[in-house]
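Q: Heads up: the sequence lines are chains F and Z, in that order.
Residues in the first sequence are numbered from 1 upward in steps of one, following full-length UniProt numbering.
Residues in the second sequence are numbered from 1 upward in steps of one, following full-length UniProt numbering.
None of these hints come from the bench; they were simulated from the model.
Quick caveat: nothing in here was measured; it's all calculated off a predicted structure.
We put the beta carbon where it would ideally sit given N, CA and C, even for glycine.
Hints may contain errors.
Just a sample of chain Z residues kept apart from chain F, beta carbon distances all over 10 Å, derived [what the hints assert, rightly or not]:
1. Asp3
2. Asp19
3. Ala192
4. Asp248
5. Glu260
6. Pro296
7. Gln308
8. Gly309
9. Val318
10. Arg350
11. Arg389
12. Asp399
13. Ser410
14. Arg411
15. Glu413
16. Ala423
Over the 12 Å line for every Cβ pair with chain F, so calculated as not near, a few chain Z residues [to be verified]:
17. Arg54
18. Ser125
19. Ser187
20. Ala202
21. Asp250
Some chain Z residues close to chain F (C-beta under 10 Å, calculated; not the full set) [claimed, not checked]:
22. Arg47
23. Thr160
24. Glu197
25. Ala203
26. His209
Spelled out from the first residue to the last, the chains are:
2 protein chains.
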Amino acid sequence: MTDHPSRALAAFASQLRFDSIPPHVVERTVNLYVDWLGSALGGKGARPVETIARFARAARGAPEAQGACDVITDRTRTTAYFAAMTNGAASHFVEQDDVHNGSVLHPATVVFPVTLALAQALGASGQEFIAASVAGYEVGIRVGEFMGRSHYKIFHTTGTVGTIAAAAAAARMLKLTPEQTLDAFGSAGTQASGLWEFLRDAADSKQLHTAMAAANGLMAAQLAADGFRGAQRILEGAQGMAAGMSSDADPAKLVDRLGERWATVETSFKYHAACRHTHPAADALLSVIEAYRLDPDDIASVTAHVHQGAIDVLGSVVVPSTVHQAKFNMGTVLGLVAWRGYAGVNEFERDYSAGDIAAFRERVTMALDEEVDRAYPARWIGKVTVTTRDGRTLQGRVDEPKGDPGNTLSRDEIAAKFVRLAAFSGAASGEEAQRLLDAAWGIAEAQRVSTLFGEGASA
Amino acid sequence: MTDHPSRALAAFASQLRFDSIPPHVVERTVNLYVDWLGSALGGKGARPVETIARFARAARGAPEAQGACDVITDRTRTTAYFAAMTNGAASHFVEQDDVHNGSVLHPATVVFPVTLALAQALGASGQEFIAASVAGYEVGIRVGEFMGRSHYKIFHTTGTVGTIAAAAAAARMLKLTPEQTLDAFGSAGTQASGLWEFLRDAADSKQLHTAMAAANGLMAAQLAADGFRGAQRILEGAQGMAAGMSSDADPAKLVDRLGERWATVETSFKYHAACRHTHPAADALLSVIEAYRLDPDDIASVTAHVHQGAIDVLGSVVVPSTVHQAKFNMGTVLGLVAWRGYAGVNEFERDYSAGDIAAFRERVTMALDEEVDRAYPARWIGKVTVTTRDGRTLQGRVDEPKGDPGNTLSRDEIAAKFVRLAAFSGAASGEEAQRLLDAAWGIAEAQRVSTLFGEGASA
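Based on the provided sequences and hints, a complete structural model is requested.
A: This is the structure we're talking about:
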């Protein structure tokens with residue numbers, strides 16, 4: 001155990017070589033990238049995403065100016081800073097981006113906006129892109145684990161810790177030294193922000209959190225490259241992130257088996273298009289419905305047995321008034337699963353307040369479960385108790401929800417989700433989506449990462 | 001007492017009319033603006049400031065593009081976003097910008113970068129500029145008081161709360177409705193950040209905090225103008241700023257005598273160019289030296305009797321290794337005061353590590369004082385105990401350090417400080433400084449706030 005974990009973590013990110021990353025980690029990182037790109041396409045047209053995109057254009061204030069970096073939702077190009085900001089906003093909107101269970105961090109939406117933009121700006125190779133992305137995942141996940149459960153009760157970890165993940169990815173992309181990378185951590189950590197308060201008002205802050213985590217992390221690394229100094233112990237210091245925003249931080253987690261444990265492959269894909277805290281119960285309910293061949297109308301009540309974090313995040317919404325809020329409502333998610341078999345983007349868009357779904361919602365309650373809570377956040381166990389109208393009490397359970405590392409999505413499933421998201425938002429036709437997919441699967445082999453669209457597109 | 005203090009505060013900021021601001025408050029706001037402009041000029045050439053300016057140019061990525069908003073340090077023009085960012089960085093560097101005692105907030109460096117940039121972008125009148133600036137001060141100060149002493153132990157209030165002050169000023173400048181202003185508070189508060197950890201490494205984060213508080217606050221208001229929703233109780237809500245970053249927050253302070261108590265005029269000017277926590281003791285030491293006609297060599301030791309906040313912020317630096325760190329070192333400040341009679345920018349630059357100053361530094365200690373601590377932060381009492389080489393024990397005391405509201409600077413003193421700062425950094429010649437001063441004193445009467453420099457300059 002080092003006496004300076006921030007420094008050890010910065011050195012790891014700075015020195016991570018593509019050749020030292022095992023092939024299965026590279027392969028999974030490509031899958032995570034493709035999955036992320038689908039989510040970014042899926043954000044096109046969403047009001048908060050388009051508002052941030054308009055802000056970015058106005059802040060730049062240079063209508064004719066071009067750039068090397070794709071804005072995925074509208075296929076314009078801009079600087080790395082504004083591309084990271086806009087793509088960071090876009091890729092978290094449909095609630096389909098990945099999540100790491102133990103850290104409760106959504107790494108893709110803060111890491112790939114940065115690595116893609118910088119790789120395009122620098123004309124870097126696919127191998128560099130992968131190495132930098134893995135650096136972002138490995139750092140971000142460990143910092144999320146370090147900050148602990150107390151942090152997540154008030155703070156949106158993907159906003160706060162995501163800034164460090166983005167900085168680590170950017171630092172590796174810019175080939176910063178370990179010392180510069182530590183400076184970047186300092187400038188990123190002192191900008192770490194993101195509060196859950198917005199949830200109870202269905203406000204738009206979630207997109208702002210991911211946009212600015214990506215942009216601020218990139219800024220921190222660019223400043224460090226230019227000699228800007230940051231705090232050397234921003235994570236574990238006496239007036240650092242944990243001191244200010246956690247009561248159960250454990251510095252040992254920052255350097256947990258660096259280079260041996262690949263946290264990147266522990267990341268889960270999202271199958272349902274809802275807050276991840278609903279997925280275990282959704283899959284458990286599906287298992288009961290399938291096992292007992294229940295009709296949704298047979299179900300009198302469902303109790304979802306959950307961890308405390310689920311209650312903290314989902315508990316504030318009783319009757320959702322927007323699609324986005326519905327994705328944070330256990331009753332709506334279980335209703336969609338029961339009636340439609342799947343809680344995807346189209347199901348939410350069409351039916352979140354449909355009569356049958358709203359009626360089912362009223363029959364769902366959450367209860368804190370000791371076993372589930374103890375296992376969390378390392379494992380997200382799904383448990384439900386279903387009572388039927390004919391008086392039966394049925395138990396459902398899944399130990400790994402669909403998309404979790406032990407129950408991961410296949411490349412076919414990821415591709416299908418990608419095409420579905422592109423079609424949902426209208427960001428790409430079926431043919432365009434297929435072309436984007438073909439290129440995206442080959443990102444690790446690219447000699448030079450360039451624009452995804454049009455003439456200059458990577459093979 | 002309202003049951004929704006965030007909303008009451010947003011409504012106040014949104015509806016503040018120039019005509020309802022008493023003349024003495026307008027006059028003091030002009031003084032604060034002039035004092036701020038001097039600090040911004042003083043930041044020219046400082047490495048962290050220039051690094052942020054380079055970042056802003058690269059992030060914009062449009063070398064030919066112009067804008068309506070002055071970058072004060074280099075007289076270029078850009079968009080409101082990047083002007084706020086760069087001027088926010090510049091105006092906090094020389095540690096000469098104002099401070100409000102009760103909130104421990106430096107309002108000028110987060111408010112004026114926003115109001116000046118937006119007034120220039122919109123061609124707004126001087127009266128609108130003053131009203132928006134006062135809105136920023138009144139809101140920011142109350143939010144700082146609300147967050148309490150526990151917040152300031154870990155967080156740099158000017159970074160965190162400064163984001164809300166900047167948002168309030170920007171919202172008023174953009175003529176947002178009360179509802180939109182509340183949205184802006186939500187988007188600002190969820191980006192509130194800034195940790196003291198950087199102090200122990202003499203890192204550059206202080207400039208980043210003020211740059212991004214100004215830029216993020218402006219962003220929050222621009223997003224709100226475009227329909228982006230924010231949390232409705234970002235300050236006092238169960239997962240809001242106080243819940244996450246304070247243990248002694250008092251919501252009543254948010255709405256303390258709105259429109260009756262003018263907190264703006266409670267703001268202190270900085271006389272010495274050091275962290276404000278050193279000023280009471282510096283003035284108390286000066287009073288002893290003057291009263292007993294001491295020679296610095298007569299002094300065997302000095303104990304500065306301080307409040308806990310001073311120990312928290314100043315305690316981490318023992319031997320300063322940079323000018324900036326020296327400004328956070330009680331011994332260095334008292335040494336400069338004793339030997340040079342004043343701890344100004346030139347004294348720090350030339351002598352912070354000079355032999356006599358370093359030797360004096362070793363004779364200074366801080367001690368927590370119950371009376372001083374109890375009075376803080378409403379009053380910043382200065383108390384020192386001096387022991388002399390000939391065996392005397394002498395007490396020094398000031399109840400209001402120079403620059404405090406009851407002991408404020410005259411316009412002549414502000415002008416002299418302005419000219420000194422412009423000359424120190426080379427940002428303006430004596431003649432240019434005088435021209436800038438003449439225009440700045442008349443800002444409240446300007447029909448239209450335009451560039452400060454060159455052809456298009458305001459009268």
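Q: Can you give the numbers of the hints that this structure goes against, from lowest to highest?
A: Hints 3, 17, 19 and 20 not satisfied by this model.
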